[in-house]
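K.L.:
Below are the chains, spelled out letter by letter.
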Amino acid sequence: MTENIITIKNLNAAYQEKPVLWHISLDIPKNSCTAIVGPNGAGKSTMIKTMMQLIKPLSGEVKINGSKDKHELKKIAYVPQKGEVNWDFPATVFDVVLMGRYVHKGWIKRPNAKDREMALEALKTMRIEAFKDRQISELSGGQRQRAFLARAIAQDAEIYVMDEPLQGIDVTTENLIIEVIRHLQQSGKTFVIVHHQLDTVGEYFDHAIILNKSLIAAGAVETVFTEENIEKAYREKVN
Amino acid sequence: MIEVLLVLIVTALATSLLGVFLVLRSLAMTTDAISHTILLGIVLAFFITNDLRSPWLILGASIAGVLTVYIIEVLSKTRLIRPDASIGIVFTALFAAAIILISKYAADVHLDTGIVLMGEVIFAPFTRTEIFSWSIPSALLQMSIILLINLLFIIIFYKELKVSSFDPKFAFIAGFSTTLIYYILMTLVSVTAVTAFDAVGSILVINFFVAPALTAYLLVKRLATMIWCSMLFAVINSVSGYFIGITYDLSIAGVTSFVAFITFIIVFLLNPNGFVSRKIRSLNQKREFNRAMILMLMNEESHQSLTKSEIISHFHFNAGKFDKHMKYLIFNNYVTRTNEHYTLTELGEEYTHYTREKYDLPV
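Chains P and W, in that order, give the protein sequences.
All residue numbers for the first sequence refer to my numbering, where the first residue is 1 and numbers rise by one.
All residue numbers for the second sequence refer to my numbering, where the first residue is 1001 and numbers rise by one.
Careful: at least some of the hints might be erroneous.
Using 25 Å as the maximum straight-line C-alpha spacing, the simulated BS3-like pairs for lysine-lysine come out as follows [as the list claims (entries may be wrong)]: (1) Lys1279/W - Lys1308/W; (2) Lys63/P - Lys1169/W; (3) Lys82/P - Lys1321/W; (4) Lys1279/W - Lys74/P; (5) Lys56/P - Lys1169/W; (6) Lys18/P - Lys1169/W; (7) Lys1221/W - Lys82/P; (8) Lys70/P - Lys124/P; (9) Lys1077/W - Lys56/P; (10) Lys1077/W - Lys109/P.
Not close to chain W: a few residues of chain P, all C-beta gaps over 12 Å, as computed [to be verified]: (11) Asn10; (12) Lys30; (13) Pro39; (14) Gln53; (15) Val79; (16) Asp88; (17) Met99; (18) Lys114; (19) Gln143; (20) Leu166; (21) Gly188; (22) Gly202.
Keep in mind the hints are simulated off the structure, nothing from the lab.
Just so we're clear, the structure is a prediction, and the values are computed from it rather than from any experiment.
We treat Cβ as the ideally placed atom computed from N, Cα and C, and that holds for glycine.
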């Protein structure tokens, strides 16, 4: 019996009057690498944001490690979409990666030498230590994504939640990210990734959630990632 | 008179410190709103205490400031109106309420519109406080306390301010209340604005908050450096503003604000990554590309020797542009001219290879 690290029960969410997530119940197994796929506007980002309590659902609940406590959120490393932060912010790559350590510091306490060391390690893992003193605005798209992932690694979280990390990046970075994910998965981490390329789902992931406002299917890739389910999720509604 | 300068510098430091985070969070216009609506807080607190020097006025002003921020937030969050419109409608309404109250019930109270808008730092030494048997301007004491509070706030909550300004969602997950940080910041902005009110007024104070930080923003790549730079510009602006104002008998706060604008423009135009150097770089690049294009065309097998009209019609150049580039190419021995025909020299060929390598073009 596999242990579930995230359980979602009867989740409904809406923006203004429009429902975005409709009656969703699913489990994400511990140590899995789960893809969330679905067409634009299917509620993929909304779902991961509700998991992290960034969006309040209309009803239903999300439990992490069986608990709804806000402290469980610290076990999540969130890699947002590239456009979601201010890239002109006066911070170096190292500064951003060091922020990953803030999670363990609480209020007021500053990061110490150990934290710096871990941030540097994370930079090395993502092979961007050469850029550590660059301002983040000087990075290319792929380097930005690496910096975000390095921050997540520095955080040393149990669960990595990523919103389209492979969107618009170079092949080298894509391969590196996948390699790092595999490596971290072997050491027991769980990955939940919003993914937009259907052709690589089978190759990169072992679990999948297929979504279009309501849940189409969730489970092991071999069983749920079928043509029938994809067709169901992506079928255009003709009015 | 040195006291006037001190009041000005301390005011500029206190405001420019918070300004860093106002600029980074795009809150310049919210600051504008606060600096006006605190007047309503002042007026209401005055009705209760009947004393224009009462410290309760500061409390009234901060409540008004925070309330302004809150109403703006609530309105914007409905998504029925845009944040800028929400700022515009809220602060003018609260400011108007203050004006109505003043004209109806406090017409005899001395509230000079000029001072409300621009302040008069030159009057600061007239109101004095005794501290350890030292007589210092009250404004200097008050402003110094505010400066200390702002400084402590930034030192103690540096990490939280940084992460919540850069990536609020991450800050939330990491367990930091971004709302709390935001409201503490805006409370301090209100308190600072009201304390600076006598010295620099409600309009110019916005400049004191925003201009040094904005100038620093153009130059730095780290938050800590931005804070230092912002403070440095605050001092530079105040000192120059003071001396120019004194020399030519002008409003000191007015001159300081204008100097701040000049400093900003100079840095904007002339910094290593600024407007002028960017323009020059892009012009140079364009010129280099044009020349490289000509050389590459001549490097092709079939175009070893070309006439002016052939090159012009190939690139759709005008004659002036052609002459300018060709003059450079011939001067540098990349191209030779025999009669009407232009041919590539050995050096020109080398340069073409170098360009291809530099820009990673296929050979």
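K.L.:
Each hint should be assessed against the structure and marked as holding or not.
P.N.:
Hint-by-hint comparison with the structure:
1. Lys1279/W - Lys1308/W: Violated, because 29 Å separates the two Cα atoms, which is more than 25 Å.
2. Lys63/P - Lys1169/W: 19 Å, holds
3. Lys82/P - Lys1321/W: 42 Å, violated
4. Lys1279/W - Lys74/P: 46 Å, violated
5. Lys56/P - Lys1169/W: 14 Å, holds
6. Lys18/P - Lys1169/W: Distance ~23 Å between Lys18/P and Lys1169/W Cα, so the pair holds.
7. Lys1221/W - Lys82/P: 19 Å, holds
8. Lys70/P - Lys124/P: 31 Å, violated
9. Lys1077/W - Lys56/P: 14 Å, holds
10. Lys1077/W - Lys109/P: Not OK: Lys1077/W and Lys109/P at ~32 Å, beyond 25 Å, violated.
11. Asn10: 23 Å, holds
12. Lys30: 19 Å, holds
13. Pro39: 24 Å, holds
14. Gln53: Gln53/P is in fact no farther than 12 Å from some Cβ atom of chain W, at 8 Å.
15. Val79: 9 Å, violated
16. Asp88: Given that some Cβ of chain W is not farther than 12 Å from that of Asp88/P, nearest at about 8 Å, it is violated.
17. Met99: Non-interface label fails for Met99/P: nearest chain W Cβ at 5 Å, not farther than 12 Å.
18. Lys114: 16 Å, holds
19. Gln143: Since the minimum Cβ distance to chain W is about 15 Å, Gln143/P lies beyond 12 Å and the statement holds.
20. Leu166: 20 Å, holds
21. Gly188: Given a closest Cβ separation of 20 Å, the condition holds.
22. Gly202: 30 Å, holds
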